[in-house]
Amino acid sequence: MKPLPRSFYARPTVEVARDLPGKIIAHGRCSGRIVETEAYLGIGDLAAHSAHGPTHRNRVIFGPPGHAYVYFIYGMYECLNLIAEPAGVAGCVLIRALEPLEGIAQMRRRRPTARRDEDLANGPGKLTRALGIGLKHNGADVTCGPIQVFAEENQPVFEIGVSPRIGITKSADLPLRFFIKGSRFVSRGGGSSRQR
DNA sequence: AGTTCGATCGCCT
DNA sequence: GGCGATCGAACTG
Numbered sequence: 009m010k011p012l013p014r015s016f017y018a019r020p021t022v023e024v025a026r027d028l029p030g031k032i033i034a035h036g037r038c039s040g041r042i043v044e045t046e047a048y049l050g051i052g053d054l055a056a057h058s059a060h061g062p063t064h065r066n067r068v069i070f071g072p073p074g075h076a077y078v079y080f081i082y083g084m085y086e087c088l089n090l091i092a093e094p095a096g097v098a099g100c101v102l103i104r105a106l107e108p109l110e111g112i113a114q115m116r117r118r119r120p121t122a123r124r125d126e127d128l129a130n131g132p133g134k135l136t137r138a139l140g141i142g143l144k145h146n147g148a149d150v151t152c153g154p155i156q157v158f159a160e161e162n163q164p165v166f167e168i169g170v171s172p173r174i175g176i177t178k179s180a181d182l183p184l185r186f187f188i189k190g191s192r193f194v195s196r197g198g199g200s201s202r203q204r
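Each position in the first sequence, counted from 1, maps to that position plus 8 in the working numbering.
Fair warning: there could be bad hints in the mix.
Below 27 Å or equal to it, Euclidean Cα-Cα: the simulated DSSO-like pairs (lysine-lysine) are [to be verified]:
id, residue 1, residue 2
1, K178, K189
2, K10, K31
3, K189, K31
4, K144, K10
Ranges between beta-carbon positions, derived for each pair [what the hints assert, rightly or not]:
id, residue 1, residue 2, range
5, G142, A113, 15 to 25 Å
6, R124, G147, 26 to 36 Å
7, E110, D149, 15 to 25 Å
Hints were generated in silico from the structure; no laboratory data involved. Cβ coordinates follow ideal geometry from the N, Cα and C atoms, glycine included.
Based on the sequences and whatever the hints tell you, model everything.
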């Protein structure tokens with residue numbers, strides 16, 4: 009399998025976010041199928057880290073597409089984003105949940121509290137922990153680096169669901185969350201009720 | 001099944 | 001100095 013080319017990412021953020029579910033993300037011997045994403049836009053998206061222009065923390069978001077933006081939050085968790093849009097334009101996609109595929113034993117070692125496979129990577133902080141991704145990967149090139157993103161050879165047929173983003177307080181009603189309908193591996197951001 | 005709350009720290013104002 | 005794109009335990013019902 010070959011990594012997705014940079015041209016995949018050099019598109020409007022919403023298109024990239026909608027097309028990433030179903031793709032495979034791998035780090036080391038662990039891999040999983042992306043089942044949930046959120047788009048974070050540049051100008052006018054007050055929920056995005058890039059809302060107020062470039063800073064030292066968020067500068068990767070303004071850089072070239074196909075790179076990883078990893079940030080630290082709540083004093084304990086790292087979240088993984090993939091940069092979209094051409095260089096100079098802000099836009100990134102938060103990876104929110106994975107269906108674990110390979111290296112499940114190692115993921116369990118990294119996340120001993122997960123009781124079921126569904127709990128290994130069904131949240132943005134969980135999947136980075138499960139895959140061993142952290143702040144040191146901020147800025148990494150995902151078209152050729154240690155983190156790789158592939159198209160599956162025989163991608164299963166699925167429908168994409170759309171909803172507001174989870175866990176934010178600003179611009180909270182925009183339909184910028186994309187997920188595989190019916191997947192048992194999507195997060196639920198605290199609340200419950202099954203996604204259809 | 002649904003809600004609340006504590007843990008904990010880098011970054012921006 | 002305070003906030004926050006989270007998680008998991010504890011609690012209620």
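Hints and how they fare:
1. K178 / K189: holds (25 Å)
2. K10 / K31: holds (12 Å)
3. K189 / K31: Holds - the C-alpha atoms of K31 and K189 are around 15 Å apart, at most 27 Å.
4. K144 / K10: Given that 27 Å is the threshold and the Cα spacing comes to 24 Å, the pair holds.
5. G142 / A113: 15 to 25 Å: With Cβ atoms ~20 Å apart, the hint holds.
6. R124 / G147: 26 to 36 Å: For R124 and G147 the Cβ distance comes to about 33 Å; the hint holds.
7. E110 / D149: 15 to 25 Å: Cβ of E110 to Cβ of D149: about 22 Å, so the range 15 to 25 Å holds.
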